[in-house]
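2 protein chains.
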Amino acid sequence: MVSFRLTALAAAAGLASFAYAQTFQRLGGCPTLGCVFPPDQQDFLAGQLFDIRLEVHAPVNGSEAFNGGRPDQNFTFFVSKVGETPVPAAQFFGVQEPRLETWNFTYYTDLFARDARAVTPVNVAAKAYRRVALFEPGVYAATLRYYNGTQTTAYWTVRDIAAVRRTKNILLFIGDGMTTNMITAARLIAHKQINGRYQSLMGMDQMPVIGHQMTHSLDSFITDSANSATALYTGHKSTVNALNVYVDSSPDVFDDPKVETIAEMFYRLYQGHVGIVSTAFIADATPAALTAHTRDRGQYGAVIDSFIHGIVNYTWTAWNGPDVIFGGGAEQFCAPSLGGVTYQGQDYYNVFNRSGYTVVQNNTSLQRASNSSRILGIFSVSNMAKWLDRNVYTANYGGQKNSPDCRGGNATDQPGLKEMTLKAIDVLQTRANSSGNNGWFIMSEAASIDKQMHTLDYDRALGELLELDDTLKASINHLSQLGVLNDTLVLVTADHGHGFDVFGSSDSQYMNAQRTDRAKRNAIGTYANSGQSQYINTGSLSYGSSNFPSNWDPRYTLAQGFSANPDHREDYQVHKNGPRLPATNITGFPATDYYVNPTDSPTGFVVNGTLPTNADQGVHSLTDVPVYALGPCQEIFGGSYNSIDVFYKMATCLGLSRPNAVSSGSVAGSNGQGGHYGGQGNLGKDYQGITQYRQYNESSPRYGV
Amino acid sequence: MVSFRLTALAAAAGLASFAYAQTFQRLGGCPTLGCVFPPDQQDFLAGQLFDIRLEVHAPVNGSEAFNGGRPDQNFTFFVSKVGETPVPAAQFFGVQEPRLETWNFTYYTDLFARDARAVTPVNVAAKAYRRVALFEPGVYAATLRYYNGTQTTAYWTVRDIAAVRRTKNILLFIGDGMTTNMITAARLIAHKQINGRYQSLMGMDQMPVIGHQMTHSLDSFITDSANSATALYTGHKSTVNALNVYVDSSPDVFDDPKVETIAEMFYRLYQGHVGIVSTAFIADATPAALTAHTRDRGQYGAVIDSFIHGIVNYTWTAWNGPDVIFGGGAEQFCAPSLGGVTYQGQDYYNVFNRSGYTVVQNNTSLQRASNSSRILGIFSVSNMAKWLDRNVYTANYGGQKNSPDCRGGNATDQPGLKEMTLKAIDVLQTRANSSGNNGWFIMSEAASIDKQMHTLDYDRALGELLELDDTLKASINHLSQLGVLNDTLVLVTADHGHGFDVFGSSDSQYMNAQRTDRAKRNAIGTYANSGQSQYINTGSLSYGSSNFPSNWDPRYTLAQGFSANPDHREDYQVHKNGPRLPATNITGFPATDYYVNPTDSPTGFVVNGTLPTNADQGVHSLTDVPVYALGPCQEIFGGSYNSIDVFYKMATCLGLSRPNAVSSGSVAGSNGQGGHYGGQGNLGKDYQGITQYRQYNESSPRYGV
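Protein chains in written order, with the UniProt record's numbering: chain A, 1 to 705; chain B, 1 to 705.
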């Protein structure tokens with residue numbers, strides 16, 4: 001339970017005052033007027049690269065107004081291991097003192113202020129120390145002094161993790177938005193039960209170790225997928241919308257302080273092979289977070305560029321691109337002449353192709369592609385087709401004008417998550433074997449569990465979850481056949497939840513025959529009247545050895561729903577004509593006021609929303625999500641822990657910690673204190689990816705705002 | 001994963017046809033016209049006592065109408081281990097052939113039939129074999145033949161569990177209705193967080209092993225607490241409302257086929273000491289299920305009698321009463337002259353007192369009572385006071401006229417779950433030490449998590465959950481101080497869920513200031529705008545070293561809710577005047593049509609229900625619930641499993657299996673086949689609680705209907 005240890009130091013840090021304006025925060029990670037990023041209470045892997053951002057705020061008005069709106073430009077910043085003498089940060093890390101930056105921003109203090117359009121301007125003085133690292137395990141104090149003696153101290157902990165590798169490969173599945181509640185529902189509709197006994201089991205059910213991870217953000221208790229992916233991949237929680245940076249207040253969305261990801265470290269330390277697979281458009285947050293560093297997950301063009309070039313506006317971890325990238329989102333690859341919206345107007349199919357990637361755009365080509373070459377597979381515009389439409393309501397599969405060449409055809413030869421993941425395993429295993437055998441890391445995301453839960457489309461969401469589970473089973477079998485199952489840690493987890501559950505059955509015949517909303521609700525059977533699942537063995541669909549419902553449209557369906565939703569209508573019946581649109585703007589433009597979609601679920605009853613009226617879909621929820629583990633190192637994934645611990649556990653298994661890099665004597669120099677910076681000496685072969693540790697300040701920002 | 005193994009035999013059994021009328025089933029555990037209880041696919045602990053019920057149905061009308069409504073009275077019933085020659089059941093078990101019984105019942109086939117009041121009568125021929133057992137591990141076939149060749153075969157599996165004891169004591173906590181989602185919410189409001197790092201942890205968070213258990217019923221996917229407790233305590237799933245019986249169709253609610261509970265077996269095999277603790281009225285399902293056997297959980301008087309006398313209408317496991325019974329529900333103890341509604345009009349305080357129990361009715365007396373004597377502690381009429389009212393809104397604690405002597409005073413000296421549980425440990429440990437040192441089993445239930453979630457009273461429910469967690473921590477400390485922590489397996493689980501989650505924060509000031517329902521919804525902050533929890537460190541309440549909110553009424557509260565609810569109004573603010581009443585019947589008597597309670601949450605917005613309009617509260621949900629384990633034998637509680645597996649795991653740890661009782665040669669007789677019945681021979685000292693295995697048929701039913 002390392003991550004939750006309350007040290008005396010941490011308790012002391014807790015005495016800092018908090019600003020309690022919740023709805024709109026001045027700057028989430030900084031409740032005081034002096035900001036240190038990474039903030040107090042953050043953990044680090046030994047040797048993990050990160051940036052530091054300091055800010056001093058002077059709000060011009062409001063309850064926090066200070067110093068006439070003039071921020072202190074003479075702030076100081078000292079760092080030391082606790083118990084040692086604080087040292088100016090530039091000296092401590094052996095870098096040049098960064099230049100002073102200034103800017104301003106505005107915010108609303110609360111909803112009343114927003115309604116009154118009463119903004120609070122804040123003037124800022126700031127600095128950034130870039131690309132530093134801490135090696136020696138222990139607690140460090142980083143103290144910002146400003147406004148004549150005010151101080152903000154961040155206690156940073158370098159975890160004491162040995163540099164011992166325990167697994168060669170990691171196959172990480174992420175069911176986006178997937179909760180235990182959803183897994184339970186998916187099991188019910190796809191696995192036959194006799195007298196309370198399941199006759200088959202989910203793959204997840206057969207994983208030997210279960211943990212629970214807490215998904216909250218640094219500065220809010222509900223997270224989004226960018227911020228949660230950051231936690232899973234870097235061990236650092238951040239703010240909603242942020243990818244692998246702490247969010248500062250500057251206008252530039254690409255200058256926020258970065259943290260190195262597991263993919264970057266695995267490549268830097270081992271030249272490890274990385275695979276990225278998702279059913280989303282591939283610039284979406286969960287795949288993006290393996291390589292991108294920006295506080296704005298919406299910078300899709302830059303995300304795609306980061307996949308192949310890494311970070312280019314600052315010196316950062318060298319990055320040569322993953323072995324495979326499989327997903328949707330052709331609109332960030334196609335040339336602008338075909339409607340592509342890409343970084344710097346380039347044709348990214350060409351960019352990847354020139355770098356040696358085989359480019360494929362359908363499942364047939366994917367399966368035929370050599371396992372020896374790197375492959376970019378983009379199979380549709382936007383998110384890929386849903387399992388339910390690909391396999392059952394196939395009329396929705398065509399006609400989408402979503403072909404990945406952006407020429408207006410239909411993408412009707414898309415692989416599923418299973419086909420993509422098995423191919424990824426083949427390529428990564430082949431290529432790792434042929435170049436050093438340093439192992440591989442694959443992230444495979446079932447993205448549309450989340451996307452379909454957002455739109456209350458339960459059937460499609462559960463179909464995606466079942467596809468994930470089918471992929472899990474097939475992957476384990478495939479790894480076993482390849483003889484590498486014992487070398488591979490298989491993990492299944494999620495990044496956050498939706499407040500979903502099943503509470504009974506619904507008699508569709510009865511509901512459809514009733515005339516009033518209240519009468520329709522009496523179609524719902526609770527407790528004993530929920531009966532048995534009718535999704536299995538009441539129809540004729542068959543999927544070979546895979547477990548999916550045999551009937552998606554039985555008389556007795558699941559009654560299910562959310563703790564939060566927009567106005568909508570419920571008939572608890574499958575949406576055969578394609579993904580659901582529960583709420584629509586029927587009051588004009590811009591669309592800020594959503595009501596029941598009059599054409600959705602027409603035989604159902606109206607459910608008014610519990611969300612703000614500008615919400616057209618459901619939102620993420622608080623619940624801890626499960627972590628399932630199988631393979632070498634599985635035993636450390638049991639129990640309850642923070643989302644960031646998933647990173648530290650994976651890093652432990654992959655042997656990414658370098659606690660002795662300095663104390664072992666391999667680095668010495670006069671420009672820094674021992675034990676906590678990188679110098680220019682010989683770092684040993686594990687560090688071949690790093691040319692130097694010195695900060696390259698603000699060099700030619702490449703991504704403009 | 002023993003419980004889910006799909007054998008070829010089980011697959012064959014799956015070919016049986018199913019009736020798919022869901023809302024109203026003819027008889028849940030019997031989709032065919034010939035019924036065997038225990039039904040197909042059931043598991044048994046070696047040596048566990050059970051009854052067998054056979055029924056042949058002849059529906060008079062409807063789609064299942066058969067044989068002119070005349071049930072076959074000449075049915076036969078054979079049993080054998082698979083691969084051996086089937087033997088008539090009476091011979092197999094060495095009991096007399098039971099007499100034929102007949103009756104009839106009616107049911108509605110679906111909601112249309114109910115609306116039309118079109119009942120379907122069913123005539124029944126039946127038999128019951130009582131108090132039998134199977135010892136030898138393996139699969140048995142039990143075949144009912146009826147209607148000239150039709151047959152229903154139940155495959156029963158005796159699990160292969162060694163008779164090895166691995167823990168001396170078990171402390172089983174049940175958070176009724178508690179889900180991972182609720183634990184996450186409780187952690188958020190009671191444990192301080194700085195920058196995404198919790199500064200303290202739940203006790204549950206620190207349990208090393210997590211499992212997930214599936215809570216569904218035998219015959220419906222949503223369970224109630226009686227049926228789910230039956231699964232946890234006997235390893236047999238049943239039907240909603242049933243306590244330790246399979247539900248037959250006879251009019252007598254006390255003649256359904258029984259299954260022996262863990263408490264009964266522990267007492268029979270080891271003279272083990274049992275403690276029963278709950279914050280509910282003590283006749284409620286979760287405590288009742290340790291000793292009661294009836295399909296109607298509402299038979300409260302009989303439940304209380306079963307606590308002290310065990311089962312008295314049939315010969316059954318000898319039972320001498322638990323060491324402690326602590327809870328509410330004085331109305332089932334007080335003499336009828338004081339308003340008590342008791343079994344046979346007796347004063348059960350006197351009944352227990354005459355049997356040597358110290359009777360206490362408040363916390364002061366409880367704490368003073370000797371640990372050497374058995375104690376009955378009943379502390380209030382009905383359910384006990386909620387933590388929130390006992391500790392924060394104390395004005396609601398008095399004035400309830402709920403004193404446990406039923407004389408109209410106020411029960412204002414009630415112990416909490418912690419005080420009851422620690423005292424239970426003291427008594428059980430003292431008494432076990434002084435009589436054979438055979439260990440103890442305590443079930444401690446936080447009952448009002450469920451009760452308050454039913455009425456959408458989030459604050460009170462989370463208060464109860466936090467009290468459970470505080471009790472867990474205190475119990476582990478206490479066991480450690482007593483030197484018996486290493487002898488005690490500590491488990492925390494639930495019996496089912498509610499579809500609850502948190503999805504943001506709510507600005508109470510803003511909501512209360514808005515005038516329309518839609519404007520009020522805009523007070524809700526999602527994602528980044530959910531902010532940090534304000535329940536900690538914004539108020540002045542303090543609970544010593546226990547973790548509870550310091551402010552239950554902050555400006556920014558949790559926005560939370562359910563997937564299922566009646567019509568109600570939400571303001572997401574604490575209900576200071578006592579437990580919530582979300583919906584009321586405003587249309588007359590009888591109360592079958594519920595609307596928003598006009599006096600509840602007056603500054604909130606209306607949320608229409610998603611449940612039948614006769615629902616005045618929320619309902620249980622499908623989700624798997626967590627199992628936390630700490631102590632000897634903890635390692636077998638990881639992974640995903642069925643609720644019944646909790647019983648088999650506990651029975652494994654306590655050494656309750658007797659797979660070799662017969663094959664060891666200790667029993668032989670001409671009146672039965674070897675290996676699967678009990679005869680009258682010497683069963684060895686482990687079986688001292690059993691006088692014989694023969695069935696005592698229908699002897700003097702004591703509980704009338």
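Keep in mind that the hints are not guaranteed to be accurate.
[To be verified] So the derived label-pair ranges between C-beta atoms look like this:
| no. | chain 1 | residue 1 | chain 2 | residue 2 | range |
| --- | --- | --- | --- | --- | --- |
| 1 | B | Pro208 | A | Ser200 | 21 to 31 Å |
| 2 | B | Asn477 | A | Asp160 | 44 to 54 Å |
| 3 | B | Ala519 | A | Gln509 | 23 to 33 Å |
| 4 | B | Asp413 | A | Thr516 | 43 to 53 Å |
| 5 | A | Gly539 | B | Lys401 | 52 to 62 Å |
If you're looking for bench data, these hints aren't it; they were derived computationally from the structure. Where a beta carbon is used, it is the ideal one built from N, C-alpha and C, also for glycine.
Go through the numbered hints given earlier and state which of them the structure violates, listing their numbers in rising order. 2 and 3
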